[in-house]
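**Q** The listed protein sequences derive, respectively, from chains A and B.
89 is the number that the working numbering gives to position 89 of the first sequence; each next residue is one higher, with no gaps.
For any residue, its number in the working numbering is found by taking its place in the second sequence, counting from 1, and adding 1000.
Hints are supplied without guarantee of correctness; some may be wrong.
What the hints assert, rightly or not - Here are a few chain B residues that sit away from chain A, every Cβ distance over 12 Å (derived from the structure):
(1) Met1001
(2) Leu1023
(3) Gly1028
(4) Arg1076
(5) Gly1108
(6) Pro1153
(7) Pro1167
(8) Phe1214
What the hints assert, rightly or not - 27 Å max Cα-Cα, derived DSS-like pairs, lysine-lysine:
(9) B:Lys1181 - B:Lys1116
(10) B:Lys1068 - A:Lys189
(11) A:Lys189 - B:Lys1058
(12) B:Lys1116 - B:Lys1058
(13) B:Lys1182 - B:Lys1116
By construction, these hints were calculated from the structure, which means they are not laboratory data.
None of the values given here were measured: they were computed from a predicted structure.
C-beta: ideal position from N, C-alpha, C; glycine also.
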Amino acid sequence: MSFYVVQFLSGLASAAALFLVASGLSIIFGVTRIVNFAHGAFYMLGAYVAFSLTERLSGALGFWGGIVSAAVIVALIGVLVEMLLLRRIYRSPELFQLLATFGLTLMVEDLAVLIWGPDDLLGRRAPGLRGAFDFFGQAIPTYDVLLRVLGPVVLGALWLLFHRTRWGVLVRAATQDRDMVAALGVNQKWLFTSVFALGVFLAALGGALQIPRDAVNHTMDLRIIVDVFVVVVIGGLGSITGAFVAAVLVSELNAFGILIFPKISIILVFLVMAVVLIVRPWGLFGKPEAAARQTPGLAVQPWRPLSAQARLAFVGVLILAAALPLLGSNYALIVGAEIAIFVIFAVSLHFLMSVGGMASFGHAAYFGLGAYGVAFLAKLAGLPMVACLLLGPLLGLFGAIVFGWFAVQLSGVYFAMLTLAFAQIVWSIAFQWVDVTGGDNGILGVWPAALVATPARFYWLALAITALSVVVMRVLVFSPFGYALRATRDSGLRSEAVGINSKRIQWAAFVIAGTFAALAGALFAYLKGSVFPDNAGIALSVDSLVMVLLGGVETVSGAVVGAIVYKALSIWLVSYTELSKLVMGAVIVVLVVMFPKGIVGTFDGLIRSGKLSFFKRGSQRATQAEGAE
Amino acid sequence: MKLSVSALNSYYGPAHILFDVDLEVGAGEVVALLGRNGAGKSTTFRSLVGLVAHREGKIVFEGHDISKAPTHAIGRAGLGYVPEERRIFTDLTVEENLEVGRQPARTGAPQWSREKLFALFPNLAEMRNRAGGRMSGGEQQMLTIARTLMGNPSLVLLDEPSEGLSPKIVEQMAHAILTMKKEGLSILLSEQNLHFARLISDRSYIIERGRICFSGTMADLDARPDIRDAHLAM
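Bound-form chain B, shown alone (with noise of 0.2 Å):
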């Protein structure tokens, strides 16, 4: 396993927030964390990176564990992250937001370089000097994952990839996540948007109330309406 989460119990001051969440992310898996509006994804994936300062339980990466590890720890471990806020560096270039994210190459995992992402990307390239701030929602949706991919990752997790984009660039969103599936990256992406999930995942977790309810492949969804109602309905 790539990434094996067990018993992850997060708090925000005194308020629990999850509870014994399991899961896992095989190599080379693209793997959906599906569930609503605030209904503990990305506190999920915040408490992965150490970004939440109280979390217990285990968390095991490549076979360290790395529950106790501080964020940048994690990040030169080779778990990337990005946030579902984006965080673009709104002062810096595009370029230069690249350039933060820069990691030596990293055996196992795919090598990014500025022009291999810009392939990816094309959008970005055409803007390489223009400030962070200044650009639109999906072309920072577009640069936070470059910026994360510059680290040369083995696995990321994408939060709501495809939240508030056009329809268009939510599709250019899927070629890119198949693309970077295809060069042997891992994925967790959460989502509340269960077309796009099915288009590029092979595996789902629901969670609803901080709690994991649900696992199984696609297939296994599909087969359950009653499930998908109870915790998906838009």
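Just chain A, same shape as in the assembly (with noise of 0.2 Å):
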């Protein structure tokens, strides 16, 4: 009993690192509208800094006071960033903002490894509370008693704050209505720095308190902010009593989920939110939304088919595309493999993205499970590769029938925290359920056969597919489906008004876009030859985001031409620099900012205003765009 009982309070005292973060994570959701995917980064960046200041500091004054002066120059960190990045972004659709703050996420990394190493970090206990206390045989770190009090203490302080100071009352008043808000005569440009600096500095302090209980490294950001995502998902983002109460619930089913699944305990946690989604899909404590803005919204250009002339070019391109084998060594031809496979693969985001209106931050899932589907049907099964290309993503088309029906019943920043819940879910399972995936250690030796084993010919075979591919996901764009698909994006209302059952449309386009993925996926597996549980991380699914952004998501063909572009730039970058994060990171904020429309929609504009006046015209848009709110 009493073993259930210190298992109990262990989940307590993770819950305030947690409801820490995902209260200031909702706090600035609050008010600027924006889910700040760095917030991990400043988690990590808080525990790192506490680190140094506490090796420097000496006494119980310089521990504490290390952590707390951690967690202000942190919060001061971020208040650089609202008023660097963030403030040129608020207009911005929400896919923007999610990528911009996920490129600082990448910057920060790097520049994490650069300053404190590669290493884990391990930190001084806290002075006074390194023991533990006998609970009926049972020890209790008597550090975890203090975060225990502490999560409670700062619900009430946060309370307090919101309830009973004028900055409080208009921070809640901005939350509802921003413009009447200004209307009233109060600057907002300083509210939501505030705000922003609050949020921050509770995730840093959150990061700065774990340092005597856990390892300080370069890979807690996106740990947490996963967990954090979860934890507002089911508490509903803006609430931060609901933040509170989830926080508890995922860390005690973390706790117990050990206990009872030791290998998949994430599985339990999983099951919790699915329940939560179904019967609340604004969360426990959350409020319905309204309608959600546009996911791309910048000004959509009317879609057309191909002229035939086009067509010719197409068929063109891909010859020469097909020639490569002619006159490109073998590592072109692999290079030209994998740039093809993405093409698939960003296609197929493009799809769910850009023509279904659904910015999925966990299209990898379903690459993933099709290149594990390849690797269980030629390892386990050892079936030939003909019935593996086509059994494989199979497994994807059915995570994307599973996750695609609860990711649906949501929209917006919603629909994008659920997708990357799941994705890190699918990888998990892979990660840990070693027995059957391999863990770590991935499946080898899945090698295409004999026919195509040649670079040439699975070049020439990765081509045919992706070129058979975009097509297909092209028809659809201009079959009556798309039309309907593409109604519900641009009005959900309207189109159920005419008869279209959008969200049976909206999972339908979930459905391909998944398969499609698992079919790159499935390609992919034979390509290198084996796979492994980053094949489902959020490093890929972030790699087809700005594959799409960089092409154009407003384009139709923007992602072919951002597949190619990203992939080689890519590549290259990670044969020449260690610091490929960090240009990675700076390269999606640049995107974000100054080139909101990527390579083709920039070029589409060069070509209809006839000169390079294209960024007046995109600005004045802009505005206009503002104005029809």
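Reconstruct the complex from the two isolated chains, following the hints.
**A** Right, here's the structure in full:
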């Protein structure tokens, strides 16, 4: 019995950090409507800075002073980020906000490695709270008691802050109606900045308080952010009480899940989240959101099917691409096949995101499922390659059917967070279920059939499947199904009113996109000869988003161009620099802030305006779009 | 002139809504902007306080050009705005709603305190701690006006203050607006209800399809039944 009590108490202690970070995320979202992906990065920075400060300062005052100073310092960094980056993107579509803050996360990760090195750092124990006390024969760390008390104390302090100060009242008012608050003469610039600073302070404090419990390293940002997304989805984005209750719930599920399903405890959390989403899609304490902003939403030009000339050009380019084996080395062919595979992956995400208006942050889940599907069939069932390529993607299809059903119940940022959480679940299963998936060692020796075993032949196979996939998805865009999907994207209510079952249409689009992503994953498994958990990782999901963004979210063909340019660039980048995340993060941020239309969109603008004046046109259109809100 | 607007043009996306709107409000004056649904009354008000992103023309308030100023600066300058949709902060209590509107006292403008506003709108005094979302439409209308008055404005824009209210509340509202006028507040209000406008206004403009098509005193308007019937027929 006492064992369970101890387990329960340990869960409560873990909940403290989760609550601090989640409440910070919720507060920021409430006012700015930005889901700050970089919140995990601020949590991590809090831990690193606290580590450095507490190493240098001595005594109890030094330790606690170091913890609090670390949170303040990181909050100041947050203020800089808000002023330099976020202020430029408050009016952007939420996808861009998520991406920009994700780019920031990537940059912080590399910077942290540069400053503090790649190894785990063990922080000082808290003075006076080093020991443990005995509870019916079980040891409870004294420090955990502090954390357990801290959660409710912070909850109470935040309540007072938001209900008993003018600042808090203004923040709550701005959460509901920013324009009205402005009309009443409140300068929201500083309100936003201060809210962001508070949110970052809480995250950094959460991180700083972890150093006596846990090692500090550069992967703790993504670990916490996924848990935090789950917490806010369960608790309701924007609700501090919800963040508290959900943080306790998730921590307890983790604490006890380990006893029940030691290997895949995350499943338990997932099940609870699924139930909450079915019963209350906006979370336990959240409120139904007003219709989410459109995902692409800059200024969509009407899409047209390709003209006869453009079709000829497409065939011409395809013939040129098919001629690569005559000129290129084997290395070029392998790179070419990889790029072709990523074209399928990017086009499938584009189909979901630009055509369907559902920006997924976990598209790699289906890529990974396709890859593992092939690996299981080839290695465990010993099926031949043709059968594997046809049947392997079915795993992705099933995954998309299950996850997609939940995901399409939501929209906007909730959709993004949920898809990310699903992808993380797939990754965790691949990583933790070692008996079946081989865990981190992956599954090796997935070789293609002899017929396509040379680089040239495999390249042709990949190119052919890619061309076919792109054509099929393009045809779908201009089919009645595509019209219905785009109608649902542009106005859910109106399309429902003309008799479109929008949830079913979106679900179908989700499954189609997931299946093509799985096909890409299946080919990728054969290209590499192996599969690893990272085939479903966050990095890959974000890669696909960047490809679509780089090509141009609003164009039909952008994803193809984006995938080719991005993949070629990143292969080149990884071989030339150690700091690929830093560069990549910076590229994402610059893209979002300066070139939100992407390569094809920008090119389009140049052609339409006939001169280099597209910047002007872009800004003009942006103001018009604002007015129309 | 308290407020003078010349050649105001506004756009929602590609749609041109207001065409060269000119209007003026003198100190201490109550001016009505009359027109049918969709004539451009609310857009005029939203443009004046900078809530329409794309606007052109000159807006001079107390001698300062505010046509490029951000919304919060316009509010700070003493130009109060009471939106048609009321836009009460539903999660906040009555007192908290008033707190959001509070600004320091301004010279040359009537001063309001919480207690003075509760005297003006006695219904509100009885529900100080009630959430804004749990009030009737009439109570919300009083609260939205009281909230704006907490900023001690020297001119308020009242967008359809009588809309959707019961006759009894309309009467209270007319009384409150006349009290505000007596305090020395300048008021520009929009109305479809000519009867209500006549009760409280000194002058009026008629707006139709985004253009001002009549300007004069209430007596001038009464002398022109043809105009009234053409543009305001109920």
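**Q** Now tell me if each hint is right for this structure.
**A** Right, here's what the structure says about each hint:
1. Met1001: Its Cβ never comes within 12 Å of chain A, the nearest being 22 Å, so this holds.
2. Leu1023: holds (19 Å)
3. Gly1028: holds (22 Å)
4. Arg1076: At about 4 Å from chain A, B:Arg1076 fails to clear the 12 Å cut-off, so the statement is violated.
5. Gly1108: holds (16 Å)
6. Pro1153: Violated, because the least Cβ-Cβ distance between B:Pro1153 and chain A comes to about 9 Å, which does not exceed 12 Å.
7. Pro1167: holds (28 Å)
8. Phe1214: It holds; B:Phe1214 is separated from chain A by about 28 Å at its closest Cβ, greater than 12 Å.
9. B:Lys1181 - B:Lys1116: It holds: about 15 Å lies between the C-alpha atoms, which stays within 27 Å.
10. B:Lys1068 - A:Lys189: Roughly 17 Å separates the two Cα atoms, so the pair holds.
11. A:Lys189 - B:Lys1058: Answer holds: A:Lys189 to B:Lys1058 is near 25 Å, not above 27 Å.
12. B:Lys1116 - B:Lys1058: violated (35 Å)
13. B:Lys1182 - B:Lys1116: Answer holds: B:Lys1182 to B:Lys1116 is near 14 Å, not above 27 Å.
When held up to the earlier numbered hints, the structure conflicts with 4, 6, 12 and fits the remainder.
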